[in-house]
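Top line first, the protein sequences correspond to chains A and B. At position 12 of the first sequence (counting the first as 1) the number is 12 in my numbering, and the numbers step up by one without a gap. At position 50 of the second sequence (counting the first as 1) the number is 50 in my numbering, and the numbers step up by one without a gap.
Careful: at least some of the hints might be erroneous.
Unchecked claim - Mimicking DSS-like on lysine-lysine, the simulated pairs with C-alpha atoms at most 25 Å apart in a straight line are:
1. B:K52 / B:K100
2. B:K52 / B:K69
3. B:K3 / B:K100
4. A:K57 / B:K3
5. B:K52 / B:K3
6. A:K71 / A:K57
7. A:K11 / A:K57
8. B:K52 / A:K57
9. A:K71 / B:K100
I should point out that these hints are in silico values taken from the structure, not numbers from a laboratory.
What follows is each chain in one-letter form.
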Amino acid sequence: DTGVSQDPRHKITKRGQNVTFRCDPISEHNRLYWYRQTLGQGPEFLTYFQNEAQLEKSRLLSDRFSAERPKGSFSTLEIQRTEQGDSAMYLCASSAYRQGIRQPQHFGDGTRLSIL
Amino acid sequence: DAKTTQPTSMDCAEGRAANLPCNHSTISGNEYVYWYRQIHSQGPQYIIHGLKNNETNEMASLIITEDRKSSTLILPHATLRDTAVYYCIVRTLYGGATNKLIFGTGTLLAVQP
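Chain B with its partners taken away, still in its complex shape (with noise of 0.2 Å):
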C-alpha cells in the first residue's frame, strides 16, 4: 500500500472550515484514500474514502486532485469535539494483498475557541 505524507499538526478556529492535506503521489490505479481520526483515549474513527471522484458525508468532505497524488479533507464548520489526530491512509478495497490498515503519525488537528 502507498504511503502518505501528512503535516504533523495544524490549527483552525471553531466555526471555521478545516482544510487537512495528504500527500500519496505513489498511489496505484486501484488505491482509495481513507480518513480515519482519532480523538484522546478514544479508537480511530472512520470518517470517508473516496478513489477518485469527491465525497461528502455527514461528517465530512474528501476532495480528491485529478492526477490522484494528493487529497485534502474538508470538516465544514469545525467545532471544539473536531479536536483530534486525522490519519490519511491509502489501500485497496478488492483482491488478495494485506488487510491491514497502514497508520502514519497523522496530523493533529486543534481547533481553537
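Excised from the complex, chain A in its bound form (with noise of 0.2 Å):
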C-alpha cells in the first residue's frame, strides 16, 4: 500500500521542546496538506504545499510552527518550544492537481503529540 505515510506515529515530549514531524506523500501527488485535530473536534487545517511552495497558512500556525517541503517530495512539520496547547494528532494529506480540477486528499494515520 502506498499510502501517505507520516513518522512517528506517537510523541511525548517536555514543554519547551523542538518536535519534527515527517510526512511522505502518495508518490504522484503534487499537494500537501497539513491540519491538526484535537480531541473530539474534527482536523483543522494548518498549511498546505503546491510542489515545493507553500500557498498557503492558517491563522493556527503561529511563529513556533514552521513547514517545509525542500523538493516537492517530503515535508516536515516543526514546532519550537512546545506548549501544552500543542498537544494534538497532526495529520498530513496529499492530492493531486490535474488540468485545473482538485482531486480528493488522502490522509494519513498521523503523529500524536504529547506534552507533558
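Make one complex out of these two single chains by using the hints.
Structure representation (C-alpha cells):
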C-alpha cells in the first residue's frame, strides 16, 4: 500500500522542547497538506504546499510552527518551544491537481503529540 | 465554502443500511459534496463526492436532493468496521479558492451487533 506515511506515530516530549514530524505523500501527488486535530473535534487546516511552494497558511500556524517541503516530495512540520496547547494529532494529506481539477485529499494516520 | 449540519450520532444494526444525512442549505452552484470518515486512531478516509447526480462506488452511495440543499450517504450493508465519525464537507473543485477542507464535528455512527 503506497498511501500517505507519517513518522513518528506518537511523540511525547516535555514542554519547551522542539519536535519535528515527517510526512511522505502518495508519490504522484503534487499537493500536500497539514492539519491538526484535538479531541472531539474535526481536523483543522494548518498549511498546504503545491510542489515545494507553501501557498497557504492558517492563522493557527503561529511563529513557533514551520513547515517545509524542500524538493516537492516529503514534508516536515517543526514546532519550536512546545506548549501544552500543542498536544494534538497532526495529520498530513496529499492530493493531485490535474487540468485545473482538485482531486480528493488522502490522509495519513497522523502523529499524536503529547506535551508533558 | 458552505457550512454543513449533521446529527451528532446515529446507531445502525449490523447488516442493515446506514443512512447518514447532511444539510448544506447555503451550497453554491459550483460546490461539490464530499464525504470522509474517520475510524478511531486513524486519519480521515475519503469515501465519495458528487455535484448533483447520485453517485455510487465500492464503499457507498451518495444521494443529493434536486435542490442540492441536503444529501444522504448510504452504506448499504453496515459492518462493525464501519463504526466511525462521518464528515460531510462542501467545497469547490476548481479555481483559486482555498484548498483546505473544513471539517465540522461529523456524525458518530455506531454499528451495533
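Each hint, compared with the structure:
With a CA separation close to 22 Å, the supplied pair B:K52 and B:K100 stays within the 25 Å bound. Simply put, B:K52 and B:K69 have alpha-carbon atoms about 10 Å apart, close enough for the 25 Å limit, and the pair holds. Between B:K3 and B:K100 the CA atoms are separated by roughly 13 Å; this keeps the pair inside 25 Å, and the hint holds. Restraint check: the Cα-Cα separation between A:K57 and B:K3 comes to about 21 Å, which is no more than 25 Å; the hinted pair holds.
About 17 Å separates the Cα atoms of B:K52 and B:K3, which keeps this hinted pair within 25 Å; it holds. Distance restraint check for A:K71 and A:K57: the Cα-Cα separation of roughly 19 Å lies within the 25 Å cut-off, and the hinted pair is therefore satisfied. Our distance criterion of 25 Å between C-alpha atoms is met by A:K11 and A:K57, whose separation comes to about 24 Å. Using a Cα cut-off of 25 Å, the hinted pair B:K52 and A:K57 is violated, with the two alpha carbons roughly 31 Å apart.
A distance of roughly 22 Å separates the Cα atoms of A:K71 and B:K100; the hinted pair therefore holds under the 25 Å criterion.
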